[in-house]
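K.L.:
First to last, the protein sequences are chains V and F.
Counting in my numbering, the first sequence runs from 165 upward without gaps.
Counting in my numbering, the second sequence runs from 165 upward without gaps.
One should not assume that every hint holds.
No copy labels: a pair is met if it fits in one copy or bridges any two.
[As the list claims (entries may be wrong)] Using 30 Å as the maximum straight-line C-alpha spacing, the simulated DSS-like pairs for lysine-lysine come out as follows:
(1) K166 / K219
(2) K166 / K326
(3) K178 / K219
(4) K349 / K332
(5) K178 / K332
(6) K178 / K214
In case anyone wonders, no lab produced these hints; they're calculated from the structure.
Protein chains: 2
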Amino acid sequence: MKYCSTCGEQVSQKIPSGDNRLRYVCDSCETIHYQNPRIIAGCIAEHDDKILLCKRAIEPRLGSWTLPAGYMENNETTLQAAARESFEEANANIINMSLYCTYSIRHISQVYMMYRGTLVDGFSAAGEESLETRLYTEQDIPWDELAFPVITETLKLYFTDKRNNNFKLRDGEIYRDESQKIVVKNYPA
Amino acid sequence: MKYCSTCGEQVSQKIPSGDNRLRYVCDSCETIHYQNPRIIAGCIAEHDDKILLCKRAIEPRLGSWTLPAGYMENNETTLQAAARESFEEANANIINMSLYCTYSIRHISQVYMMYRGTLVDGFSAAGEESLETRLYTEQDIPWDELAFPVITETLKLYFTDKRNNNFKLRDGEIYRDESQKIVVKNYPA
Numbered sequence: 165m166k167y168c169s170t171c172g173e174q175v176s177q178k179i180p181s182g183d184n185r186l187r188y189v190c191d192s193c194e195t196i197h198y199q200n201p202r203i204i205a206g207c208i209a210e211h212d213d214k215i216l217l218c219k220r221a222i223e224p225r226l227g228s229w230t231l232p233a234g235y236m237e238n239n240e241t242t243l244q245a246a247a248r249e250s251f252e253e254a255n256a257n258i259i260n261m262s263l264y265c266t267y268s269i270r271h272i273s274q275v276y277m278m279y280r281g282t283l284v285d286g287f288s289a290a291g292e293e294s295l296e297t298r299l300y301t302e303q304d305i306p307w308d309e310l311a312f313p314v315i316t317e318t319l320k321l322y323f324t325d326k327r328n329n330n331f332k333l334r335d336g337e338i339y340r341d342e343s344q345k346i347v348v349k350n351y352p353a
Numbered sequence: 165m166k167y168c169s170t171c172g173e174q175v176s177q178k179i180p181s182g183d184n185r186l187r188y189v190c191d192s193c194e195t196i197h198y199q200n201p202r203i204i205a206g207c208i209a210e211h212d213d214k215i216l217l218c219k220r221a222i223e224p225r226l227g228s229w230t231l232p233a234g235y236m237e238n239n240e241t242t243l244q245a246a247a248r249e250s251f252e253e254a255n256a257n258i259i260n261m262s263l264y265c266t267y268s269i270r271h272i273s274q275v276y277m278m279y280r281g282t283l284v285d286g287f288s289a290a291g292e293e294s295l296e297t298r299l300y301t302e303q304d305i306p307w308d309e310l311a312f313p314v315i316t317e318t319l320k321l322y323f324t325d326k327r328n329n330n331f332k333l334r335d336g337e338i339y340r341d342e343s344q345k346i347v348v349k350n351y352p353a
């Protein structure tokens, strides 16, 4: 951020009075421009003993497999965002949705909120951001071709809870340590 | 938003190619400026059969009672944000925190993520944004002086689940209907 979106003049990084963090503050009109994490909402869509994955048609990780998910928009709920993304990416209608897991990904300031639900008629088809959609059993999941660590972790939790027939809400965090290695912490359920 | 934060030129509302929503797009450098919901993280801090409330020292709703909560910052987790806000607003240290409920508040594009935890030593004291802090039993909660509908709903759920000794994650939404009346939907637990 270099310029104020309110008046167009330059911004500087300052700690505003009463605050304790550097913020972008306009040198002219003094508007404080806060920056906050974004929510990514998505879904594990179930059909029989399978779940839906999408092959990404866009960067990053073009060609890898992912759960349908994307940025939550203003004026919607997390549930609506998860349903919308599933429809946009996979033409998938999902019912009986309930929140299943959340992950805070600190180093990129994202919070994933993943729902679980039933894929209507087991039907899906690639949307604009997908090359292909497919239903996978646990045995067939392409673990080495998953798009992001958060997708791998969500699926690992899911299949563990499914085996135990005990779906509790899961909360956790993912970050890079000093050596840039990805670290996953699943909080106690 | 009137000006581009990247180059300082004017922005217009357009639907970018491949998108289906109006976005602020720079007339000059074509940067797309997405706007997304913000997360507010907070905590129900328990001590014996009481919970902690803070009397607001700031607008909106100065003088009303609320749970410690505030905007999540970049590069932190939702749990860290809830703990930080509890410390900033009430000098409260909270342990054994677990995610308890989330509410999407559509009309103001906020997502609340509320934790539940144990208030260390039962100690609290007003931080800069609070006039006063106090521990309340269910019978003493000042229901008519609570700051926001989401706080009232969170506490109603909490005391119901506490009576049943069955804390399940709760997810729901709050919005204004056409007559501007606040509507609350708690999804099935």
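K.L.:
For every hint, state whether the structure bears it out.
P.N.:
Each hint tested on the structure:
In the homo-oligomer, the alpha carbons of K166 and K219 never lie at most 30 Å apart, since the shortest distance is 36 Å inside one protomer and 37 Å across protomers. Taking identical chains as interchangeable, the C-alpha atoms of K166 and K326 are never at most 30 Å apart, the minima being 48 Å within one chain and 49 Å between chains. Only between protomers do K178 and K219 lie at most 30 Å apart by alpha-carbon distance; the minimum there is 29 Å, versus 43 Å within a single protomer. Proximity of K349 and K332 under a CA criterion of 30 Å is satisfied in both settings, with 16 Å inside one chain copy and 21 Å between copies.
For a Cα distance limit of 30 Å, the shortest separation of K178 from K332 qualifies neither inside one copy, at 43 Å, nor across copies, at 42 Å. For the identical chains of this complex, K178 and K214 are neighbours neither inside a copy (51 Å) nor across copies (40 Å), given an alpha-carbon limit of 30 Å.
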